[in-house]
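*Asks:* Listed here are the chains, written in short residue letters.
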Amino acid sequence: MDKGKKIWRKNLIKSLTLGVFLFLLSFTFEPYNQGQLALVLMLFIGVLSLTVLTGASGQISLGQGALMAVGGYASASLITNLGASIWVGFLVAVSATAIFGLILGTAAARVSGPYLAGTTLVIALALPSVANRFESVLGGDVGLIVDFGTPPAWISNLIEVGYEQWQLWVALPVALTALFFTSNLMASRAGRSWQAVRDDEIGAAVSGIPVARTKVIVFVVSSAIAGLGGALYGLRGLVGPSVYPVSLSLTLLTAAILGGVGSIAGAFIGTLIVVFLPDLIDWAISGLAISEQFSNYLPSLLTGVLLLATIIINPAGVMGAGHRRKH
Amino acid sequence: MKIRGSQTKRWVIGIVAGAVASTLAIAPSQAIPVRSEVGVSATEIVLGMQLPQTGAASPGYKKVDDAMRAYFDYVNSKGGVNGRKIKLVVKDDVYKAGLTISTASTLINKDKVFAMVGSVGTQTHISIIKDINRRGIPDLFVNSGYSGFYIDPKKYPTSFAALGTYVVESKIEADFLKKNYAAELAAGKVGILYQTDDFGRNVVAGFKQQGVIFPAANTQKFVAGSQGLGLTAQVQALQKAGVTLVVIGAVASATAITIGTAAKLGFAPKWLVTSVGSDATTFKTILASQGQSAAAAAFLLTGVISASHAPSPGEDTDEFVVAFKKINTEFNTGAADDKVWDNNVLQGMNIGYLTTAALMGAGKDLTRKGLIAFMEGKGATLSSAALSPLSYSSKTHEAYNSFWIGAYDANSVLKPIGGTRVLNTTDSADGPITVSTYKRPAIAADALPKVG
Amino acid sequence: MNTFISTLITGTANGAIFALAALGLVIVWRGAGVVNFAQMGQAMFTTYIASNLINSGESYWLAFIVALISGSLLGMIIDLLIMRPLAHKKSSSSTKTLAATIPVIASLGILAILQALAGIFWAGEERGFPTPVNSFYFKNGAGTLPFSAFNLFVIGVVLIVLLLLTYFFTQTGVGLGMRAAALNPEVARLSGIKVSRMRTLSWAISGAAGSLAGLLITPSTNLSPNTLDLILIIAFTAAVVGGLDSPLGAVIGGLILGIGIALVTTYGSPENVFLAILFLLFAVQLIKPNGILGGKQVRRG
Amino acid sequence: MKNLMVSDLVTDYGHVRALDGVSFIANAGEITTVIGANGAGKSTLLRTISGLEKAKSGTISWGDLEITNLAPEAIVRLGVAHVPEGHAVIPTFSVLENIEMGALFRRRKNSTDVKVAISEVLDLFPRLAERIKQSAGSLSGGERQMLAISRALVSRPELLLLDEPSLGLAPLVVEQIIQSINQLCRSTGLTVLLVEQNANTALAVADHGVLLALGKVVSDQPAAKMRADSALRSAYLGY
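Residue numbers (the working numbering), protein chains in the order written: chain X, 55 to 381; chain H, 8 to 459; chain D, 23 to 323; chain F, 308 to 546.
Bear in mind the hints are in silico, worked out from the structure with no lab data behind them.
From a predicted model like this one, the values you see are computed outputs, not experimental measurements.
Be careful, since some hints might not be right.
What the hints assert, rightly or not - Below are the EDC-like pairs computed for lysine to aspartate or glutamate, each with C-alpha atoms no more than 16 Å apart in a straight line:
#  : chain 1 : residue 1 : chain 2 : residue 2
1  : F       : LYS361    : F       : ASP319
2  : H       : LYS92     : H       : ASP372
3  : H       : LYS162    : H       : ASP138
4  : H       : LYS137    : X       : GLU214
5  : H       : LYS422    : H       : ASP325
6  : H       : LYS119    : X       : ASP333
7  : H       : LYS85     : H       : GLU337
8  : H       : LYS376    : H       : GLU44
9  : F       : LYS361    : D       : GLU208
10 : F       : LYS361    : F       : GLU380
11 : H       : LYS346    : X       : GLU346
12 : H       : LYS333    : H       : ASP437
13 : H       : LYS332    : H       : ASP344
14 : H       : LYS277    : H       : GLU191
15 : H       : LYS371    : H       : GLU51
16 : D       : LYS216    : F       : GLU380
17 : H       : LYS162    : H       : GLU383
18 : H       : LYS162    : X       : ASP201
19 : H       : LYS215    : H       : ASP434
20 : H       : LYS119    : X       : GLU84
21 : H       : LYS215    : H       : ASP437
This is chain X alone, in the form it adopts within the complex (with noise of 0.2 Å):
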């Protein structure tokens, strides 16, 4: 008990100042890498439910954009047909999310590996047509238009606070819940009992851990987190199937792959990576006479070699085998 306290502690003094950190920074920025930092947040709570998710069960997900969908839909939803304010919309879009992943999670912990991969990735390619199919509420391939809204008087009357910086002051606590909730939750018992199915389950269920059960409340759970994302997400402007669609999960994918599958440290790391890997070819290739049709393709081919590259050196990610369990 004293040490699960020790260790909560140790997670808020951690994520407060790591929140701390970001909040003074961002007024040193300029408002596009604001922006770039309210991207890495919101994305960066997306790689966190596959980390849960990898982490803690060992199973990859395809679909962990349509997940996002879901909260966001979840919370666009109530904003444009209630008037919600956005913070009821992320607890709508945690509990929708949450209740998905519980029927997600029926099914899928029947099944494992590629089983969910493809079963996932089905799910975000049918995201659309479920748009359409309740257009009046989901706004249909259009989608619904959301955004973060301006700032409430008693902060825009004490400093002028941008459009991109309003983004980032959202997004930060969210992304901060996400993070101590997360870190708290791979540390705590029912974390270590996630990982003892993923490393043996049948191991693990003579221990007495009930592993189909547990293998639902990880589901539960990433999903939880990814709505959240998702909501965070859709108010950059748009909750819509373009705004989720299957490439999105392969984006977080790669961040969780090249940060480390499994280290919250490393899915920040990734989730900077695959934001700003952009802005680098740009940089790399500007002054060089590239072609239009070569230079678009570029982060594609790059992606698909980074993560290549990742898992054939060490899969274990930038993030390092060094720290990860030992049996």
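Fit chains H, D and F to the known structure of chain X by using the hints.
*Replies:* What follows is chains H, D and F alone, placed relative to chain X:
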């Protein structure tokens, strides 16, 4: 390069500063003073554009930016606009709205564009239109016929169309059907195949507004982007329903698949194809590489009815076509495929021409507000390659309000039905359809717009 | 001919191609333990190779053969360059479940690279792809029969391929070795079977099967770097429905998908096609997680 | 005639040291049995010899050849066949396919001899001949063990590594299988390395015994002597 360098430095400084600031009081951020207009210098105007250059939605459209840039390069070679060269920064958004938002942020905050121009796509543009408008950034000549962007300038004060809306076009097409295929309509022999998105639904709405309602048995649809699975079942159903005229509200590749499939099925109705789907290049490329000879592809296209607000790119006598084609040959630096003269290139050239005109009109003291004021006040007086006038005003930001109906001839050139070109005018609402009396002003010898 | 029968025929012709693609997935899954998400990316790539040959004036059949050969070569290259080194890494990795997902991720990386390369090399315009025989529906007096010579060709080719594969796997020594290597690598190695070579061979055969599916499906769609993504998803669903372990299941699954999609499109609404696919996938996983003909145990990882 | 010589063999199994400096010789044409309690490292020893596990150090020589850490598929080509623990057959294969599998690697060059070898094992185990078309999954435990041995024998091995053939079988069946092996060894000069937990049965037919405990050789002597050493038996084998 220099800009990036200083940005990296700013990062480093930022981290250090952040650490220092955390031990001290928070330094208030300084408000950015508005001196000159963003994206405009004494020598340059920076414009931004986004479109799908890769991915499933890119074919055809990815030529538009190269054509625009070719025209701007031509303008620049003539000294630019008021001494300023036009620079077009293009971002690929793969037709994914999530990416559109990111690339818009890059264009706005990093490339610091003065205005957005010619952006392609409804689903993608909708994700950023609110933000662009809130910032007061001109959003000119959007390549989308979605009327929701333009009919309420209070909602989107800075967005202006580059196309006639889907509703306007389909109203005029419906009117044409009522006048020329009344018997078929009465007998329930007219069918429709459309894609289930805003475009397809707007087409249906336009026909409905004119009282053309398709019986359920004659109505076939498909999920936009799923034409890769083939459209055989839909075409078979239309064949089974015994229709003799089919309206196609779909993008060019799906249109080509539809007509190609019908040929295979021995189904030869009259086709009426919306202008979005009637792209002779795409049509012929797809059918030709399916092993159908160029002649066979041209044969299938022959007689297909479509609408246009512009001359057909195949009209070699049209002075705009001639001038633009020449500029395309000389200035287009795109990939070989992207230079092939067709609808998309003509459209890109036309947007380049209109943009140049608008920038000229906004005057030497170029500001965003000034540009929008000009578009609302005098935009309707601008001329272009199109045979339709423009409708920009403070009440609507729609572009072309007139279409003429034609049929493809054996050389794949859209020719007016009956020989004389008649332009019909209407609006995106319930307005009547009238015959346009607009006469397109001639193009100047130097192929540059003359404003004022 | 009534609508139902013509729907069945269209569905069967498409289903045969899905079956082929699903078969490719099953062969690599059984032979190498990898669900290869890059498969239709490989097929797209080789179809572009064929398309370029045809556009430069070579005959369809030369292009056809070159595509199949390059399909199997590409499969082998992927195995030798990426999957085999990964398999060696895998054995040293501490967590089994995680290690099993690594090849899946690798295949996604390969897919991204292949699509990017195809885009860079060839994606000027969306293309079509020819058929070797007439794809116009047979004339029947004034009307038409609801199928074309190409439909028959597709069904015929897929049947021949199935027979050849069945013969290969059940009647030849190499086929026996491949099956043994897939079912029990340890006993296979102890029997002197070069298991890693058998895996490479699985990749080659699967690559060729995928290529063939690509060559047969592109005439009814268009050729662009992304067009075959959809086919992959359908093939995957078909393989899962039939049982990822079972080649015959893959064929049945492919036909179910082909005919099912045609029926939903004709009698339901095309908008519901993807929902129907998703529903089918869920239903199979809940009711029969091993698929219709799958093994007794769901293969974990 | 070749001897198998194992010297200072060290193998880790996961994070556990399974073999800790094992040395012994299995003489040509003899049955050498490796006995020991559960977890003594017996199976790991066979798996290391046949190449399934990597040796950390030490050497394995087969005649003049060093075969340490060669791939299993290479080692079987040198005449060393391994029948792993647990009736290792492929249940969905037919009996014939399971047998044929063992000779796949040499069937192109020696197709006639492969046929001869197959008929020989079917003579040795007539019960398999009766069930030649049946799937291996439908066989009884004893028949599966016979099948697994047949699969190894058609490779024409000079050294047979046999891991716990008695596991889970009725005593009568065990006797039958062990006697078949004994007969084969005596008549053809096959060298056999037999791993058994059931020391009595093994020592009864073996020429030589090697006793393993916790990865180390604690006794290496003629089988008859080992059988008689009651102190050894009670200390390590528990009877």
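*Asks:* A separate judgement is required for each hint: does it hold in the structure or not?
*Replies:* Going down the list of hints, with the structure as the test:
1. F/LYS361 x F/ASP319: 8 Å, holds
2. H/LYS92 x H/ASP372: 15 Å, holds
3. H/LYS162 x H/ASP138: 11 Å, holds
4. H/LYS137 x X/GLU214: 21 Å, violated
5. H/LYS422 x H/ASP325: Roughly 12 Å separates the two Cα atoms, so the pair holds.
6. H/LYS119 x X/ASP333: Between H/LYS119 and X/ASP333 the Cα gap is close to 15 Å, so the pair holds against 16 Å.
7. H/LYS85 x H/GLU337: Holds. H/LYS85 to H/GLU337 sits at ~14 Å (cutoff 16 Å).
8. H/LYS376 x H/GLU44: At roughly 10 Å apart (the allowed maximum being 16 Å), H/GLU44 and H/LYS376 satisfy the hint.
9. F/LYS361 x D/GLU208: With a Cα-Cα distance of about 14 Å, the restraint between F/LYS361 and D/GLU208 holds, given a limit of 16 Å.
10. F/LYS361 x F/GLU380: 14 Å, holds
11. H/LYS346 x X/GLU346: 13 Å, holds
12. H/LYS333 x H/ASP437: 41 Å, violated
13. H/LYS332 x H/ASP344: 15 Å, holds
14. H/LYS277 x H/GLU191: With Cα atoms ~11 Å apart, H/LYS277 and H/GLU191 stay inside 16 Å; holds.
15. H/LYS371 x H/GLU51: Within the cut-off at roughly 12 Å; holds.
16. D/LYS216 x F/GLU380: 6 Å, holds
17. H/LYS162 x H/GLU383: The given pair, whose Cα atoms are some 14 Å apart, holds under the 16 Å limit.
18. H/LYS162 x X/ASP201: Status holds; Cα separation ~15 Å.
19. H/LYS215 x H/ASP434: 14 Å, holds
20. H/LYS119 x X/GLU84: The hint holds at about 12 Å.
21. H/LYS215 x H/ASP437: 11 Å, holds
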